[in-house]
Amino acid sequence: MAETTVGDIMHKGVIACKPDTPLQEVVRIVADTDVHAIIVVDSQGEVRGIISHFDLIKCYGTDLHDRKAQDIMTPQVIDVAPTVPVSEAVKIMIERDIHRLLVTEMTPSGKRPVGVLSTTDVVKQMRGARWVWYMG
Amino acid sequence: MSKFVRDVMSRSVITCTPDTPLVEAARRMTDNQINALVVLDEDGEICGLVSRTDLVRVYNQDYAGMTVEDVMTPHVTTVIPDIPVAAAAQLMLDNKVDRLVIVHPRPATQRPVGVLSLSDIVREMARA
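Order-wise, the sequence lines are chains G and V. Under my numbering, the first residue of the first sequence carries the number 16, and numbering increases by one thereafter. Under my numbering, the first residue of the second sequence carries the number 2, and numbering increases by one thereafter.
It is possible that part of the hints are untrue.
[To be verified] Just the calculated beta-carbon pair ranges, DEER-fashion: (1) V:His105 / G:Thr48: 27 to 35 Å; (2) G:Pro37 / V:Leu94: 42 to 50 Å; (3) V:Ser11 / G:Glu40: 18 to 26 Å; (4) G:Glu103 / V:Pro106: 44 to 52 Å.
Derived from the structure by calculation, the hints contain no laboratory data. This structure is a prediction, so every number in the text was calculated from the model and none was measured. Note that CB positions come from ideal geometry on N, CA and C, so glycine has one too.
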């Protein structure tokens with residue numbers, strides 16, 4: 016049985032904003048889409064950072080006007096290729112103590128985001144897939 | 002106007018017990034689209050928290066025979082419903098926790114009445 020890869024179970028597509036997206040708009044996108052993090056991508060499609068719930072709640076009760084995504088984003092984004100086995104991706108998540116990995120593909124114009132692998136996707140795999148496999 | 006935890010917390014608390022099989026915990030989280038379960042002892046009081054991250058930590062092990070007790074976090078940060086959301090947010094940042102379990106001050110028990118997650122606070126920010 017071939018090992019499950021990141022590409023098999025990831026969320027396809029990413030919810031993204033621009034570095035200069037107003038913070039109030041970022042909060043609205045995250046709340047409306049129920050994602051736990053938003054990717055910050057520049058006009059060339061290059062990934063510039065990530066904004067998590069933690070980054071956002073640091074701003075709770077402060078004035079969000081005149082502040083932009085780039086002011087609060089975490090510039091280091093850990094990424095993996097869709098061909099990486101899930102078992103390897105999980106090791107990276109545990110070692111780095113992170114809840115999600117950005118999935119990127121190399122294109123002629125550079126690395127492009129194609130999806131996100133989160134703990135949600137991994138837990139879905141754990142909800143009994145192995146029981147089915149034992150029965151089969 | 003400053004909001005209180007009771008105004009934004011989620012009142013439905015999805016729970017399990019220490020002997021719940023891990024696979025069943027994964028199913029409960031997925032079915033209810035939540036990130037953690039509150040673990041209750043036989044008296045219905047909080048004895049731990051099990052999150053998606055706790056489950057992912059054993060993904061590469063033979064987890065089929067494991068129970069919640071094997072992976073849960075026994076330290077749970079609890080607060081009462083009557084503190085400001087700003088104070089709760091600061092507590093989550095300071096303690097690096099993704100959620101707080103809400104308990105009633107009187108009578109002082111460790112029975113959960115709600116959960117406040119990072120998502121609840123972000124949704125509140127979007128409404129402001």
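- Message: Taking the Cβ atom of Ser11 of chain V and the Cβ atom of Glu40 of chain G, is their distance within the range 18 to 26 Å?
- Response: Given range 18 to 26 Å: holds, Cβ gap about 25 Å.
- Query: Using the C-beta atoms of Pro37 of chain G and Leu94 of chain V, is the stated range 42 to 50 Å upheld?
  - Reply: Given about 23 Å between the Cβ atoms, the range is violated.
- Pairwise beta carbon distance, Glu103 of chain G to Pro106 of chain V, judged against the given window 44 to 52 Å: This hint holds: roughly 47 Å between Cβ atoms.
- Message: Given the hint of 27 to 35 Å, is the C-beta distance from His105 of chain V to Thr48 of chain G inside that range or not?
- Response: 33 Å Cβ-Cβ, so the 27 to 35 Å window holds.
In terms of the numbered hints stated before, the structure departs from hint 2 and from no other.
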